[in-house]
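**Q** Sequence:
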Amino acid sequence: MVLDIDDNHQESIVDQDDDNAEVGMDDDADEEPDFLPIAEDDCETIESSLLFEKNEDSVLCCCVSQCGSLIATGGLDNSGYVLNSYTGNVLFKCTGHSESVEFAYVSHDSELVATGDLDGLVQVWRVRNGESCFSFHTGSEMRWLEWHKNSHILFCGTESGEVWVWLVPKGITKTLANPGTSVESGSCTPDETHSIQKYYQKKLNLNATKNNATFCALTYIKIRFFKCKRAVVGYSNGSVRVLDIKSEAAVKLDPLSSFSDAVIAVACHPDNVIAIAGSQDGDVKIFNTNTGKAIHNLSVEQFNSGEKQSIEAVGFCSSVPHLAMFADVRGTIVIYDTNNQVARHVIRVPAGVTRFCFPSSSSSVFVGCTDGVIRHYDALTGKLLAKLVGHSSEVMSLSLDGSGSILASSSNDKVVRIYNVSSCSKS
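full-length UniProt numbering numbers the first residue of the sequence shown as 1 and each following residue consecutively.
Just so you know, the hints here were simulated from the structure itself, not pulled from any lab data.
In this text the structure is predicted, and so the values were computed from the model without any measurement.
There may be inaccurate statements among the hints.
What the hints assert, rightly or not - As a list, the in silico DSSO-like pairs of lysine-lysine whose alpha-carbon atoms are at most 30 angstroms apart:
no., residue 1, residue 2
1, Lys308, Lys252
2, Lys229, Lys308
3, Lys414, Lys387
Said to hold, decoys possible - Cβ pair distances, simulated, as ranges:
no., residue 1, residue 2, range
4, Ser49, Asp254, 41 to 49 angstroms
5, Ser260, Thr173, 29 to 37 angstroms
6, Glu141, Ile172, 19 to 27 angstroms
7, Glu99, Glu53, 32 to 40 angstroms
8, Pro270, Ser247, 17 to 25 angstroms
9, Glu99, Glu301, 31 to 39 angstroms
10, Asn129, Lys174, 24 to 32 angstroms
11, Cys43, Ala249, 23 to 31 angstroms
12, Lys387, Glu141, 32 to 40 angstroms
13, Glu53, Glu248, 42 to 50 angstroms
14, Glu141, Ser260, 18 to 26 angstroms
15, Pro179, Gly96, 26 to 34 angstroms
For glycine and all other residues, C-beta sits at the position ideal for the given N, C-alpha and C.
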């Protein structure tokens, strides 16, 4: 049997796909960015609606299901949990890991949860009964884990350089080309075919709850259909490859535009064939995934008084796709307009940035920081809209459901917090 992904799909390419669209460091842009000062006294403060405190050490990751009813977590105490996001009750515990659980993700249909640990063990659990249905040991430290956006295909990148692809739970396995250097980051290309609006209903048997009731979640969300034929992978030697899952062919980032340090953050454009990558020495590149040619070559030191700091997070605004964003470990956020090739806003956060995530239908962004605060900004204006508070230590992970109503965060303070952000995501 062959692991196959249908390629009956024509990709639409916008202006950024033009090979002549490459620009340099954007030094000559006519428009100067807005450097926004640190002023946080006038914004709204939002408390969490629920919290989860069963972990005995730092909670490294969390993931909210698309329908919003589930949250998967992983911790430094070698354990993972799957929770009911509305009650905080534990559905089941993900056991069997002997090292820190650094990855926990819910599949697109909320039927499966994947957990991965520092030792390289991947396990997949059925939500309906909490039982493990797939297990694989990669033999190397895990650096990236991600579900296919529309099927039960799981991607994994390791320190030894392999990219694994599994069809779950059948266990059909494929490995993609190994360049001989560690995988540091990865992201599947969306390759969206179409989308529809519908009510999404999911019934869950809450085996771990006292009343053993059946819970029904009804949420109005946008269902998007993807092919996800390729994966963008960043490596420790500064190289970036776009791997074709079916043919195993690799498109490499143009050597003239390659990074000089490890590529620790990558993200794919939601509706296009471009991607963004950030490195440990502060460089950022936006490039064409079909050709490997850089479109924008940037560096955080352009906006940070000449200091080169590690890029911690990169991404594109879901509802305003020409807005790219990247943030560094010292708290500099740059919102970059890819159409006009200029930084629209530079935000100085009074703490380092660890993660950020965009609601699917809003121009706002939630930013997790080292001081335990989650800051909610308008990406169009750069204005701070709200602060989500409660954590007493560094925010390690952020995740939103498909409708942008539920935000989960995990922290070094051993707590997972759940926020109702339905009003925020309409900003």
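**Q** Each hint: holds or not?
**A** Hints, verified against the model:
1. With a C-alpha separation of about 25 angstroms, the suggested pair Lys308 and Lys252 falls inside the 30 angstroms cut-off, and the hint holds.
2. Our distance criterion of 30 angstroms between C-alpha atoms is broken by Lys229 and Lys308, whose separation comes to about 34 angstroms.
3. This hinted pair checks out: Lys414 and Lys387 have alpha carbons roughly 20 angstroms apart, not beyond 30 angstroms.
4. For the hinted restraint 41 to 49 angstroms between Ser49 and Asp254, the CB-CB distance of approximately 47 angstroms keeps it satisfied.
5. Between Ser260 and Thr173 the C-beta distance comes to about 34 angstroms, which sits within the given range of 29 to 37 angstroms.
6. A C-beta distance of roughly 24 angstroms is found between Glu141 and Ile172, which places it inside the suggested range of 19 to 27 angstroms.
7. For the pair Glu99 and Glu53, the beta carbons lie near 22 angstroms from each other, so the given range of 32 to 40 angstroms is not met.
8. Under the hint 17 to 25 angstroms, the C-beta atoms of Pro270 and Ser247, about 24 angstroms apart, fit the expected range.
9. The hinted range of 31 to 39 angstroms is satisfied by Glu99 and Glu301, whose Cβ atoms lie roughly 36 angstroms apart.
10. The supplied range of 24 to 32 angstroms is met by Asn129 and Lys174, whose beta-carbon atoms lie about 28 angstroms from each other.
11. Here the CB-CB span from Cys43 to Ala249 is close to 48 angstroms, at odds with the stated 23 to 31 angstroms.
12. The hint said 32 to 40 angstroms for the Cβ distance between Lys387 and Glu141, and at roughly 35 angstroms that hint holds.
13. At about 45 angstroms, the beta-carbon gap between Glu53 and Glu248 stays in the expected band of 42 to 50 angstroms.
14. Between Glu141 and Ser260 the beta carbons are some 23 angstroms apart, a value that agrees with the proposed interval 18 to 26 angstroms.
15. The given range of 26 to 34 angstroms is respected by Pro179 and Gly96, whose C-beta atoms sit roughly 31 angstroms from each other.
The structure fails hints 2, 7 and 11 (numbered hints given earlier, in ascending order).
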